[in-house]
Amino acid sequence: MIALKNIEKYYTNGFQKTWVLRDITTNIAQGEFVTIMGPSGAGKSTLLNIIGMLDSGDKGEYHFLDEPVMKLREKRRHELHKSYMGFVFQAYHLIDELTVYENIETPLLYRKVKRSERQSMVAEMLDRFGIVAKKDLFPHQLSGGQQQLVGVARAIVARPKLLLADEPTGNLHSAQGEIIMDLFKELHDEGMTILQVTHSEKNASYGTRILEIEDGFIREDYPVRQGGLIGH
Amino acid sequence: MITNYLKTAWRSLIKDRKYSIINFLGLGIGIAASILIMLYVIHERSFDQFHSKSDQIHRMWVKEHVEGDVFFNTVTPLIMGSEARSNFAEVEYMTRFVTTNNLVKIDVDPQSETIAYAEPEFFTIFDFQIINGQSDLTEPGEVILSEDIAGKYFGPSDPIGKTISILVNNEWRDFQVAATASVSSNSSVRFDFLLPFEIYWQGVSAGGRSCWTCVFGETYVLLQPDLDGFAMQERSKQFFDERVSEIYEAGKYVVGYQPLTDIHLNNEFPVGIAAVSDSRYPYILGGIALLILVLAAINYITLAIGRTLSRSKEVGIRKVAGAGRMQIMLQYWSEAVLTTIMASVIGLLIAVLVLPSFNALFDLTLSLNYSFSLVASLILFAIVLGVLSAIYPSLVLSGFTPLQAISGKIGVNAASKHRILNTLVGAQFVISIVLIVATLIMKNQIDYLQNTDLGFNQEATLVVSSQGGSIPELIEKSKSQAEIFRSEIAAMPHVQSVTVSNHSFGTPGWMRLGYNEEESGVFRNFMMNGIDDYFLELFDIDILEGRNFFSDGESDRNAVIVNRHFVDEYEIEEPLSATLPGPFREYRIVGVVEDFHYESLHEAIAPLVLAKDPMGLLRTTPDLVFNDSPLPKFNFRLDANHLLSAVQSVKSLWSQHMPDQPFDFRFVEDDLAQMYVSEMRLSRMVITGAGLAIFIACLGLYGITGISMNRRKKEIGIRKVLGATLVNLLALFSKDFLKLISIAFLIAAPLAWWLMRQWLQDFAYSISISSWVFVMAAVFALLVALIAIGLQTVFHGLRNPVLTLREE
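Chains Z and P are the protein sequences, given in the same order.
Note that the first sequence covers residues 1 to 232 in my numbering.
Note that the second sequence covers residues 1 to 808 in my numbering.
Check before you lean on any hint, since a few could be wrong.
Claimed, not checked - Think about it this way: if two alpha-carbon atoms lie no more than 27 Å apart in a straight line, the pair counts; the simulated DSS-like pairs of lysine-lysine are:
1. P:Lys417 to Z:Lys75
2. Z:Lys5 to Z:Lys17
3. Z:Lys135 to P:Lys15
4. P:Lys15 to Z:Lys134
5. Z:Lys114 to Z:Lys5
6. Z:Lys71 to Z:Lys161
7. P:Lys152 to P:Lys651
8. Z:Lys82 to P:Lys7
9. P:Lys713 to P:Lys15
10. Z:Lys112 to P:Lys313
11. P:Lys735 to P:Lys714
12. Z:Lys75 to Z:Lys135
13. P:Lys313 to P:Lys15
14. P:Lys7 to Z:Lys114
15. P:Lys313 to P:Lys714
16. P:Lys713 to P:Lys739
17. P:Lys417 to P:Lys735
18. P:Lys313 to Z:Lys82
19. P:Lys313 to Z:Lys161
20. P:Lys313 to Z:Lys135
21. Z:Lys75 to P:Lys313
22. P:Lys651 to Z:Lys135
23. P:Lys7 to Z:Lys134
24. Z:Lys134 to P:Lys417
25. Z:Lys75 to Z:Lys59
26. P:Lys7 to Z:Lys112
Calculated from the structure, these hints are not laboratory results.
My request is simple: use the sequences and hints to build the entire structure.
In C-alpha cells, the structure reads:
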C-alpha cells in the first residue's frame, strides 16, 4: 500500500541544512498496524504527515496504492488524501463551533455524501462509540476521552483505508487511552490499515509492527509478538 | 453544505461578538448611507422620464455671439418656436412655456403667485395627468391648477368651476378653474396656475412678438421619433441664419435643441425656467457613500486577517477532513455574505430612521418603498460587498497548509501580511484625514462668506417688493409712497428708515447694461441699480468722493454715482467731472462709493452705476440683462432688538397704504445666507461623511489593536511583571500606529490641498488654505487613534499578569 524510497526532509537555514528525515525506505502493506516510535524530535510526526500527505518530502519516492505521490499534482494528492485517509490528533482538534454530530459529519460534507446517507453514517458512528446522547454537545462540553472518541469517529466515518494517528492518547489518562487503543485494535481487526506515532510501548503493543526512528533514520523495524510484550 | 457553512459562520459571529458588532455597525452605516444616496440618485435620474415621449421632447436654446461675448439662453424669443413649428415637419408639436409673477385673488387677500402660460399642444407633448375636469388651454377664460395649489386654496372641496381673479396685463380678470393636474416632484416643467398662452401673448407688444433678440420663456418641441437635437440643429441652421441675417452674420446666432431629460442635471446650460440641480451632488454624495463603504470593508478585511490565528486551526482541521481550498474560500465567503446581509438589515433600519433628517438636510422628499426590487437589490448588493471584502481574507486563510494551520505556525508570510494590514489601515487614515481637512477648510470658507464685511450694513433690513404695474409707473409710485412711509415711520420707535431701489441685496444679481464702444466696437458692460437718495445712508455705504443724490424729485435726473471699481476699470482720472461712457454720455458722475458686494462672493465686484432715474439708462442701453426682477423694492431698516414689533408696524403701515398688494417680505440677512445654501449643504454632506468615516476607521483601529494585544498578551504580562506602566504600554502599542498615521498624513495632505483648491476656485473671494488646518487634522486623527488604542491598552494592561502568563 505504502512504498517509501530514500525519503529525505530537511530545512535550510542560511547555509546550514537541518535534516529531519534521511534515507527513509520502507513498505507498509494493507492491513498492517504500524507504530512509529522514537525520541522527541526524531522525525516521527514528520514521517506520519508525509505519508498522510499533509507534508511532503524533499527527496525520494513515495508510492501510495502505486501512485507516485511526490510527482502528483496538488489536486490529485488532495483527492487521494480525501478518499483514503483519516487523521486522529493528539489534541483532538475538533471544530469548536460545531456539535459532536456536525464534527463527525464534516468529512462527509467534503465528500459530497447525500444527506440521508450522511445521517445514517454519522448515526452509526455515534452508536458504535456510545456517544449518541452527546451528539448535540459542543467539544468544550466533553471530557478529553470523549473528545478523542469524536476525533476517531470523525477520522473513520468516511471509511478510509488508512488511519493515521499522531499520539492519539497523549493527552488522555490511561483508562481513556485504553478505550481508544481497544478501538484501534477493533478497527485493525476489521481490516483497516493503521499507522500511529506514540511514545508508549503499551500502545505499540496493540500494533503488528514497530518502526523505530532516531535522528531521521530508521533504526529498527520489527514485528510485535502477538499477545506478549515487545522483544527484539 | 451551505447550511453547515452558515451554521459555523453564525456561531463564530456570536463567539466573536465584539468584532461582529464592529462589522455590523460599520457596514450598516455604510449601507444606510448607500441606500439613502441611491434613493437620491434614482430620484435625480428619474427627472422628466415619466412623459411617454420624453426622448422626443426638446427645449430650444439660443446662443448669440457678440464681439467675443457669447450670450447663451434657454429662454428664447417668442417668434422662434412658432417659426420652427410652421416651417419644419420635423417639429411635430410645439409649446411656448412662460411664467410671470402675478397677484392672485381667491378670497380676499391678494397673494403673489407664479403664473405659467402654455399653448394647446402642451398636453400633447407632456403627459401631465389631469386629475379632475378637463381643459385644452384653448379657452381664454380657463385656468388649470396643480394638485398642490388646488389643495392650498380649496382644501378638500372640488375646485372645478370656481372663479379665481388674476391681475394680468394690469387688469384683474376672472378665470374659471377647468381642471386640476398632478405635477410630480421629478418634473422640470412645473406650474401652479396654468393659463392659455393667448393671455400672455395679448400683453406682448408687436415688437416683442417678432423680436429675435428678446427672450421671454422656454420653448418645448416634440421632434420626430429618432431625430436627435443635433441633427435638428443642423437641419434648421440655415433657416435661422436667414431669419436673423439683418442682425447677425451666418453662424453667429445659433439655435439648438436640448433633450428634456438632459435639463435637470446638465449644468453646462444656463438655467431657464426649469430648475436645475447641481450635477456634482450625485457624484459627491456617491463618492462619500463609497468611501464609507470602503472604510467598513477595510475593517472587515483587517479584522478577518487579524483573527486568522484563531480561525486557522479550524481551517486546518477542515483541510485534514478533506476540504479543498475552494471549499474553505466558499465558507469564508458565506460567512462574509451572512455578515453583510445582516449589516444590510441594520443599514435599512438606520436608513429608515434617518430618512426624515436626510430629507430635511438636503431639501428632498424621498421615501422608501419596500418593493421586491429594493429587497432584491439590497441582497445583491450585500452579496457583492461580502464577496469583495472576503476575497483577501479567504485567500489568506485557505492558503495555509493544514499543518501550519493546525499548529498555528502561520508566521511564514506574516511580514507580507503585516504590510497589507498596514496599507489598509493607512488607507483608512488617508481617507479620514482628507475628509477632516476638507471639513475644516469648508468651515473656514463658509465662516469667511458669512463674516466678510460686504461693504454695506445688512442688519435687520426688511424688503418688500411692489407689484402690479409697469416698471416706470411703479418706480414713480413707490418713490412717492416711500415719502409717506417716511413721515409715518418717524413716529414708530422700532422702524428706522426706508429706501426704494430696483434691486436689494441677497438677490441673484443686479441688472447689467451693455454697449459696444464706438471706436473699437468692443462690447463692454456694467452693473446698474436704481436707487433713491436714502439708499447709501440706509445701507451705510461709504462715499469716497463727491456727494449723494439731492433729495428733491427733479434735479439729479442725469446724475449717477459709481463704485470705485468703475473708476478703476474705466481709468477715470477726475471722476467728478466725468460722464458715463458709450451711449450714456449725458449722465454725469456726481459721486464715487467704496466697492461693496452687491452679489454673492462667488462673483467678483464689477463696475457699478447707481442711478436716481434708472429708466433713462434703461431706455438708452442697447443691451440689458436681468437676473432678478427690477420691480421697485422697499427696504426698511428695523431695530434689530425689537424685530417682531417692528415687522408688525411695517405690516400695518403696508396694509393701510397698499391694501391691494401682498405684504411678502424677506430679510436681507436671510437672502444673503440663502446665496450659500449650496455650499452649506455640501459642507454638511462632507462633515457628516467625515464624521462617519472617522468613526468607522476608529472602530476598525480599536478592533485591530485588540487583536494584536490579545496576541501579545504574554508579552504584556511579562512587561508588566518587569514593571511597565500603562503609559509605557500605550507608548509601545501606539508607536507603530503613529508611524502609520504620519505616512497617511503625508499622502492625505497634498491630496486634500488639491481637492480643496478646486472647490475654492468656485469663489471670486476665498480664504487661502493655511497650514494649521493640516496640523489640526493630523492632531485630531492622532488623538482619535490614541483614544482607540488607549482603551484597549487599559483593558489589556489592567489584567493580572499572573493570569495571562498562566494561560500561556
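Taking the hints in turn, this is what the structure says about them:
1. P:Lys417 to Z:Lys75: With Cα atoms ~26 Å apart, P:Lys417 and Z:Lys75 stay inside 27 Å; holds.
2. Z:Lys5 to Z:Lys17: With a Cα-Cα distance of about 21 Å, the restraint between Z:Lys5 and Z:Lys17 holds, given a limit of 27 Å.
3. Z:Lys135 to P:Lys15: holds, 20 Å
4. P:Lys15 to Z:Lys134: Given that 27 Å is the threshold and the Cα spacing comes to 21 Å, the pair holds.
5. Z:Lys114 to Z:Lys5: Violated, at about 39 Å.
6. Z:Lys71 to Z:Lys161: holds, 21 Å
7. P:Lys152 to P:Lys651: holds, 23 Å
8. Z:Lys82 to P:Lys7: This hinted pair holds, its Cα atoms lying about 23 Å apart.
9. P:Lys713 to P:Lys15: holds, 20 Å
10. Z:Lys112 to P:Lys313: Judged against 27 Å, a Cα distance of about 23 Å means the pair holds.
11. P:Lys735 to P:Lys714: holds, 19 Å
12. Z:Lys75 to Z:Lys135: violated, 33 Å
13. P:Lys313 to P:Lys15: holds, 15 Å
14. P:Lys7 to Z:Lys114: holds, 18 Å
15. P:Lys313 to P:Lys714: holds, 20 Å
16. P:Lys713 to P:Lys739: holds, 22 Å
17. P:Lys417 to P:Lys735: holds, 19 Å
18. P:Lys313 to Z:Lys82: holds, 18 Å
19. P:Lys313 to Z:Lys161: Between P:Lys313 and Z:Lys161 the Cα gap is close to 25 Å, so the pair holds against 27 Å.
20. P:Lys313 to Z:Lys135: At roughly 22 Å apart (the allowed maximum being 27 Å), Z:Lys135 and P:Lys313 satisfy the hint.
21. Z:Lys75 to P:Lys313: At roughly 22 Å apart (the allowed maximum being 27 Å), P:Lys313 and Z:Lys75 satisfy the hint.
22. P:Lys651 to Z:Lys135: Violated, at roughly 85 Å.
23. P:Lys7 to Z:Lys134: The hint holds at about 19 Å.
24. Z:Lys134 to P:Lys417: violated, 40 Å
25. Z:Lys75 to Z:Lys59: Holds: Z:Lys75 and Z:Lys59 sit about 20 Å apart, inside 27 Å.
26. P:Lys7 to Z:Lys112: Holds - the C-alpha atoms of Z:Lys112 and P:Lys7 are around 18 Å apart, at most 27 Å.
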